[in-house]
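Q: Keeping their order, the protein sequence lines are chains A and B.
Under our numbering, the letters of the first sequence match residues 96 to 210, in that order.
Under our numbering, the letters of the second sequence match residues 536 to 649, in that order.
Read the hints as simulated data drawn from the structure, not as lab findings.
Honestly, I wouldn't trust all of these hints.
To be verified - Restraint ranges, calculated between C-beta atoms of paired labels, are given here: (1) P103/A <-> P649/B: 31 to 41 angstroms; (2) P575/B <-> L136/A: 16 to 26 angstroms; (3) V210/A <-> N602/B: 40 to 50 angstroms; (4) V619/B <-> V109/A: 18 to 28 angstroms; (5) N121/A <-> S634/B: 24 to 34 angstroms; (6) R206/A <-> T540/B: 25 to 35 angstroms; (7) T607/B <-> I107/A: 43 to 53 angstroms; (8) S577/B <-> N123/A: 18 to 28 angstroms.
Said to hold, decoys possible - Computed cross-link-like contacts, DMTMM-like style, restricted to lysine to aspartate or glutamate with a CA-CA straight-line distance of at most 20 angstroms: (9) K538/B <-> D154/A; (10) K636/B <-> E96/A; (11) K195/A <-> D590/B.
Since this is a predicted model, take the numbers as computed values, not measurements.
Beta carbons are placed, not taken as given, at the ideal position from N, Cα and C, and that holds for glycine.
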Amino acid sequence: EAQVTQNPRYLITVTGKKLTVTCSQNMNHEYMSWYRQDPGLGLRQIYYSMNVEVTDKGDVPEGYKVSRKEKRNFPLILESPSPNQTSLYFCASSRYRGSKDYGYTFGSGTRLTVV
Amino acid sequence: AQKVTQAQTEISVVEKEDVTLDCVYETRDTTYYLFWYKQPPSGELVFLIRRNSFDEQNEISGRYSWNFQKSTSSFNFTITASQVVDSAVYFCALSQGGSEKLVFGKGMKLTVNP
Numbered sequence: 096e097a098q099v100t101q102n103p104r105y106l107i108t109v110t111g112k113k114l115t116v117t118c119s120q121n122m123n124h125e126y127m128s129w130y131r132q133d134p135g136l137g138l139r140q141i142y143y144s145m146n147v148e149v150t151d152k153g154d155v156p157e158g159y160k161v162s163r164k165e166k167r168n169f170p171l172i173l174e175s176p177s178p179n180q181t182s183l184y185f186c187a188s189s190r191y192r193g194s195k196d197y198g199y200t201f202g203s204g205t206r207l208t209v210v
Numbered sequence: 536a537q538k539v540t541q542a543q544t545e546i547s548v549v550e551k552e553d554v555t556l557d558c559v560y561e562t563r564d565t566t567y568y569l570f571w572y573k574q575p576p577s578g579e580l581v582f583l584i585r586r587n588s589f590d591e592q593n594e595i596s597g598r599y600s601w602n603f604q605k606s607t608s609s610f611n612f613t614i615t616a617s618q619v620v621d622s623a624v625y626f627c628a629l630s631q632g633g634s635e636k637l638v639f640g641k642g643m644k645l646t647v648n649p
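Between the sequences and the hints, there should be enough to build the whole structure, so can you do that?
A: So this is what it looks like as structure tokens:
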């Protein structure tokens with residue numbers, strides 16, 4: 096089944112404890128992105144990647160890191176999480192712009208709470 | 536800068552009513568893509584449709600239809616004969632050329648009552 100898999104689905108952590116949210120897609124998509132969703136602010140892009148070793152900042156990159164060493168994986172790293180990073184996080188992937196399959200498929204989400 | 540506005544934040548209808556969700560976008564690019572996503576109460580984001588800026592054809596998929604009008608920068612979504620399962624938050628989004636910054640509207644919560 097074609098899908099984007101995020102882990103974990105739920106995570107409660109403490110301020111300052113480094114964590115990684117994993118994202119993997121099995122559709123051979125070129126593009127991958129991370130978003131956070133917050134009440135009243137909607138969905139905002141954190142980082143995106145247009146291919147292996149190519150990443151760029153979205154609208155709210157502060158406090159996050161990403162890497163794209165393999166095409167299928169795009170982990171989101173919080174080096175020193177803070178309570179304002181409590182949010183619902185989504186990973187997404189897509190074929191390249193211009194392909195007939197262009198359009199983002201989202202993972203099921205990761206609900207992160209930082210205390 | 537690109538921007539997506541969903542003026543309605545919440546709508547409540549009775550089953551079988553038709554409902555239209557408005558989406559107005561702003562972009563300076565001539566090449567761009569528009570999307571609609573559905574977020575049911577379970578929380579996942581479900582892709583509904585994609586439109587590129589060169590294709591103004593309206594589209595119908597079952598009870599869903601989309602009206603794209605470049606002249607008014609709108610990409611509206613209509614659900615015909617709504618059902619309880621349509622209850623969800625619906626997002627309109629824009630992607631313009633040169634980057635993959637997908638910009639979302641704030642979303643519109645639709646509640647369909649039996």
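Q: Please go over all the hints and tell whether each is borne out by the structure.
A: Hints, one by one, checked against the model:
| no. | hint | verdict |
| --- | --- | --- |
| 1 | P103/A <-> P649/B: 31 to 41 angstroms | holds, 35 angstroms |
| 2 | P575/B <-> L136/A: 16 to 26 angstroms | holds, 20 angstroms |
| 3 | V210/A <-> N602/B: 40 to 50 angstroms | holds, 46 angstroms |
| 4 | V619/B <-> V109/A: 18 to 28 angstroms | violated, 41 angstroms |
| 5 | N121/A <-> S634/B: 24 to 34 angstroms | holds, 25 angstroms |
| 6 | R206/A <-> T540/B: 25 to 35 angstroms | holds, 27 angstroms |
| 7 | T607/B <-> I107/A: 43 to 53 angstroms | holds, 46 angstroms |
| 8 | S577/B <-> N123/A: 18 to 28 angstroms | holds, 27 angstroms |
| 9 | K538/B <-> D154/A | holds, 13 angstroms |
| 10 | K636/B <-> E96/A | violated, 27 angstroms |
| 11 | K195/A <-> D590/B | holds, 13 angstroms |
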